[in-house]
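S.K.: Keeping their order, the protein sequence lines are chains Z and F.
Quick note: the first sequence uses this note's numbering, first residue 1, plus one each step.
Quick note: the second sequence uses this note's numbering, first residue 1, plus one each step.
Hints were generated in silico from the structure; no laboratory data involved.
Note that the structure is predicted; figures quoted are calculated from it, not measured.
Honestly, I wouldn't trust all of these hints.
No distinction is drawn between identical chains; accordingly, a pair holds when it is met within one copy or between any pair of copies.
[Stated by the list, open to error] Derived pair list, reagent style DSS-like, types lysine-lysine, alpha-carbon separation capped at 27 Å: (1) Lys207 <-> Lys329; (2) Lys6 <-> Lys207; (3) Lys57 <-> Lys6; (4) Lys190 <-> Lys84.
Number of protein chains: 2
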Amino acid sequence: MSAFEKLVKHAKKIDNFQHLGAICGWDMAAMMPSGGSQARAEAMAELNVHIHHLNTKPELTDLFAEAEAENLSEQQKWELRELKRSWQNANVLPADLVEAASLANAKCEHAWRSQRPDNDWQGFEKNFREVVKLSREEAQIRAEATGQTPYDAMLGLYEPGTSSASLDTLFDDVKTWLPKLVDDVLEKQKSESLVIPQGNFSTTSQKALGLDVMKLLQFNFDNGRLDQSVHPFCGGVPTDVRITTRYDESDFAQSLMGIVHETGHARYEQGLPKSLAGTPAGTARSMGIHESQSLFFEMQVGRSAPFIARLADLAGKHFAEHDAAIFDKDNFQKLYTRVKKDYIRVDADELTYPAHVILRYEIERDLINGVIEHTDIPELWDQKMQAYLGLTTKGNYKNGCMQDIHWTDGAFGYFPSYTLGAMYAAQYMAVMKQTVDVESVIASGDLSPIFQWLEQNIWSKGSLLSTDDLITQATGETLNAAFFKEHLTNRYLG
Amino acid sequence: MSAFEKLVKHAKKIDNFQHLGAICGWDMAAMMPSGGSQARAEAMAELNVHIHHLNTKPELTDLFAEAEAENLSEQQKWELRELKRSWQNANVLPADLVEAASLANAKCEHAWRSQRPDNDWQGFEKNFREVVKLSREEAQIRAEATGQTPYDAMLGLYEPGTSSASLDTLFDDVKTWLPKLVDDVLEKQKSESLVIPQGNFSTTSQKALGLDVMKLLQFNFDNGRLDQSVHPFCGGVPTDVRITTRYDESDFAQSLMGIVHETGHARYEQGLPKSLAGTPAGTARSMGIHESQSLFFEMQVGRSAPFIARLADLAGKHFAEHDAAIFDKDNFQKLYTRVKKDYIRVDADELTYPAHVILRYEIERDLINGVIEHTDIPELWDQKMQAYLGLTTKGNYKNGCMQDIHWTDGAFGYFPSYTLGAMYAAQYMAVMKQTVDVESVIASGDLSPIFQWLEQNIWSKGSLLSTDDLITQATGETLNAAFFKEHLTNRYLG
Ligand SMILES: [Zn+2]
Ligand SMILES: [Zn+2]
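With the sequences and hints as input, model every part of the structure.
M.R.: Okay, here's the thing in structure tokens:
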């Protein structure tokens, strides 16, 4: 067995243990009763220790050196590159830093759960200080290992190949036109009237409707399931993708579009190259590309006129006892494209969402690079919210800088993925429309040509290309904010 | 850390991995879509290799020697004994035998799935030959390690402390009175009439009824769940017990009593001593004791007159649209105590079940001890079925010696547990009635005194006593078939 083959075999062994963690993690969120949590947490911690042990086996260093000297095909060279990237990401941190960060993050997150409702920035700041300190240490070590700035080294964990230089260009572009676009759209929507869903929408009917929509989106039920959890997610493994949603019986709309979103994530996982299963080259390219699939489903397909018409029709059938005016397709379109300047990112609409992300990106970039301190965050948050959305968060920490879980866990560098995903999705659609009659395809109810495009250009590539090459091969150029601007302008002012 | 403490810590590590296997195993049966099976099988195999690796760490030999020389309390000595028993069971077989047996069993079981419906003994015999050969090798090695006969060494995997000498005594006793008792009961039941449930009993209503019955049996829903699977079982871990059932919409009766049975298993797991969680001394005493709990629930409580009355009442409420005559309590009693001489063990009633078990026990004992060959089985099966139940299985392999999965997997020594469990359960009830007014307690709907007795005498003991001591402390004597005979006679001829 060659060194390369040994590395592939070792990766598959790690993947087998991650498989168990993925299923037990899904189970924790979707199935486990409360009394099971402590023993489960211990079992998961034991598993993570073991996976870390496998990732850091000393003999891997020599195996990588040997494999790099072997006579490999071009694809194998790329697979090796991904194997090594994954290994280095897991190896570069000293064990005591990993443990200290893990404790500090857990402490910060746990306290945050009650500090946020209490609007207690003073209390939060004490724990968060340690999270920032250790995250900066992590970023510094990763920066030295990769020759990047500290923030870019963190960004690389989620968006390998992306830099803050390119994010600055993209997001600065967005900032030149987004605030005015939002104002114009609000002005336009001011006079529109809308029938808001009211009454009781049973979980049973919502689930049946969700399953119908998943079928329309060709979710493969032989390789996945839909269940419920407090926080919707897409988990499991590529041959068995577990998506979840949360049902609010007073409003079906959010859960329904949430299912469309998670189905996008799921189809990416289901479509990853089977020949590379269990190896880093066979996994999703990045968090941003993952989000580009969910947002392609949710925003590009899901909010298109013909899809909205189908969705309204299906919902009307499942909720036949409710006011038919809700399920009028124009009303449905309005329901799903209402714009509002508001405080909370997770509740934001398609148009204002990028403002929430850019604000966070600018703050976390400067925080990790040591340009600002964590105590500067509340004021910066307020300034940027005023600039981008015209809202003040002075003294309003719980709906301001304390609203997200990400930073409490030291996940600096993650936020850009959301808006990168939205931008990639707009670019795919613009290019797809050159060869696929998207509107008619959606209207026909057989969306196969759309999925074939995604399968061919994105899903089947796994991590065999850099993100830039993936996008260039799919769309003819690297990420270009103009597609996103045009999409938003057409949809909201067209 | 003392050697004893190191061994406890190591056992808890193994238990953490077993936890992941238990949840993923439950998931395979209750949740996993078909396309997930291959990757899951690989992940589970990887986990089992790792658990085997942990069980066979060379340093454990010295640790056990060290721990045995340490100054331990009486309870710690017993814990150590159980740790060592579990370690020896996992260690005594050479790796190549384990692998060969695993392959032979998988091959035999897989082929059996189609050979059984085809009644293909000739085909089955070719694979089964290898299973028997390797099981005999295993039994021989275990016999040498424990100083027992080969069959007793296999029996010890499921019923530590029990020997075929004592089983012979117990079962020979049963054989003196069971055939006549069955005939007398059949004669008595001949003239009885019965309203058989007919129509459609929806899965939703059956599940709601099942959950009501679980509440009556004080299943702790903070530490467990009820789901569906093709083959009902009790899995998961003590803090998160997963029981399953199968719903037949044309007949609720079997599933309903199946839930009572699995709830008995579950409450034993939920009631195991928390201070010993994750160590062998904190687990169930034996398969027979486990079955004594499920059968105590199913046969002693579940088929008692006041419980049957409650069950009939609850079922009548959940199936209000059906013929009320079904849910008359006398009809319900008859429904659940019908006796029939038949071929299939898993469908057998309480009274004929021991005949099926004794037949298998006598054959597997002689097979593993080399007294008979596997080719003798069909004829022996036919002879014993004729002697015990008056039925011939000549040429009828699929409803004869090919009906069970156990032997295809080399699980020789398991069958006695079923009837041991039934006998223990009868003995508990006879003794419990000396201090608990069982009938009134069940009639009152608050069964707590019954569960307190079980909790105190069985559940909380885990594996801290030998089976004989457990039974003696609980009932004043070791297992005595007279209790079982009296129970059956009272119920079926009383
Ligand atoms: Zn997403
Ligand atoms: Zn059982």
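S.K.: Are there hints from earlier that the structure breaks, and if so, what are their numbers?
M.R.: Violated hints: 2, 4; rest satisfied.
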